[in-house]
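Those protein sequences? They're chains E and S, same order as listed. In terms of this note's numbering, the first sequence has 80 at position 80, counting the first letter as 1, and numbering is strictly consecutive. In terms of this note's numbering, the second sequence has 1019 at position 19, counting the first letter as 1, and numbering is strictly consecutive.
Hints may contain errors.
[Unchecked claim] For lysine-lysine, the following DSBU-like pairs were computed, each having C-alpha atoms within a straight-line distance of at most 35 angstroms:
#1 E/K102 to S/K1030
#2 S/K1013 to E/K70
#3 E/K56 to S/K1030
#4 S/K1052 to E/K102
#5 E/K102 to S/K1013
#6 E/K105 to E/K56
#7 S/K1013 to E/K68
#8 E/K67 to S/K1030
#9 E/K56 to E/K68
#10 E/K70 to S/K1030
[Said to hold, decoys possible] Negatives, chain S to chain E, calculated, CB over 10 angstroms:
#11 K1013
#12 A1080
#13 L1081
#14 Y1106
#15 L1116
[Said to hold, decoys possible] Derived CB-CB ranges, DEER-like:
#16 S/E1075 to E/H71: 36 to 46 angstroms
#17 E/Q57 to S/P1097: 24 to 34 angstroms
#18 S/S1073 to E/N66: 36 to 46 angstroms
Simulated from the structure, these hints should not be mistaken for laboratory data. Computed from a predicted structure; not experimentally measured. Glycine included, each C-beta is placed from N, C-alpha and C at the ideal position.
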Amino acid sequence: GEDVEQSLFLSVREGDSSVINCTYTDSSSTYLYWYKQEPGAGLQLLTYIFSNMDMKQDQRLTVLLNKKDKHLSLRIADTQTGDSAIYFCAEGGSQGNLIFGKGTKLSVKP
Amino acid sequence: DAGVTQSPTHLIKTRGQQVTLRCSPISGHKSVSWYQQVLGQGPQFIFQYYEKEERGRGNFPDRFSARQFPNYSSELNVNALLLGDSALYLCASSFVPPSAGRNIQYFGAGTRLSVL
Chain E
1 GEDVEQSLFL SVREGDSSVI NCTYTDSSST YLYWYKQEPG AGLQLLTYIF
51 SNMDMKQDQR LTVLLNKKDK HLSLRIADTQ TGDSAIYFCA EGGSQGNLIF
101 GKGTKLSVKP
Chain S
1001 DAGVTQSPTH LIKTRGQQVT LRCSPISGHK SVSWYQQVLG QGPQFIFQYY
1051 EKEERGRGNF PDRFSARQFP NYSSELNVNA LLLGDSALYL CASSFVPPSA
1101 GRNIQYFGAG TRLSVL
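Let the sequences and hints guide you as you build the complete structure.
Here it is in structure tokens:
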């Protein structure tokens, strides 16, 4: 079946790097996505990666994909207090939908 | 350019009532999807419409229905509301059809529904 797992909480100090991890089950997913949700808001697309790529970098964000282990990670360099939010990993479902994990709540301490 | 817009922002209903939520996609986007996000969980897929046809349906009861209009806006209807329907309902739009591999979906701010 299709399922996405994430750790629920991550706490880092301002200026450190944050690494949010995710595992997925559907090896046929061609794209994997990271979304950010701030309190009371909708989901903001941060980045995505094609399944034949190992890494994608976009400014402070680095996505690593280990397709063999079905493991995806999002690294945020120089984490700021404004990065405090819930981060969702998602894989593409068979109906063109997105399948989300439960989200990782990132807390950034000054 | 306007993003995905949803209305209303908040809604309070009582059990047994019916509710209609509305969504306008990004201009040029023909695909609209609906998701339910219960507190503390990730969004769960309800429906996807493309070119006014239903292209996908999640594991939700028949009390949930939706439609897409010629201008690609969409409505989600929920009948006979239950307490468990309290959630944030998110609409997302996409430029490509559901069968496309790179199905980037852009989300609205959601409608928060409270059922008392």
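Agreement of E/K67 and S/K1030 with the hint, judged by alpha carbon distance not exceeding 35 angstroms: Holds: E/K67 and S/K1030 sit about 31 angstroms apart, inside 35 angstroms.
Given hint S/K1013 paired with E/K102 - CA-CA distance at most 35 angstroms: holds, 26 angstroms
Pair hint outcome, E/K56 versus E/K68 [Cα-Cα no greater than 35 angstroms]: At roughly 17 angstroms apart (the allowed maximum being 35 angstroms), E/K68 and E/K56 satisfy the hint.
Straight-line alpha-carbon gap E/K102 to S/K1030, limit 35 angstroms: The hint holds at about 28 angstroms.
Separation of S/L1116 from chain E, once the least beta-carbon distance is taken, above 10 angstroms: Check passes; 20 angstroms lies beyond 10 angstroms.
35 angstroms limit on alpha-carbon distance, applied to hinted pair E/K56 and S/K1030: holds, 28 angstroms
Agreement of E/K105 and E/K56 with the hint, judged by alpha carbon distance not exceeding 35 angstroms: holds, 22 angstroms
Consistency of beta-carbon spacing, S/P1097 to E/Q57, with hint 24 to 34 angstroms: Hint holds: Cβ distance 29 angstroms, inside 24 to 34 angstroms.
Proposed proximity, E/K70 with S/K1013 (alpha carbon, max 35 angstroms): violated, 42 angstroms
Cβ distance range 36 to 46 angstroms for S/S1073 and E/N66, holds or violated: holds, 40 angstroms
E/K70 paired with S/K1030 [C-alpha distance capped at 35 angstroms]: holds, 31 angstroms
Verdict on S/Y1106 as a residue remote from chain E, using beta-carbon distances over 10 angstroms: violated, 7 angstroms
Checked against the numbered hints given earlier, this structure breaks hints 2, 7, 14; the rest are met.
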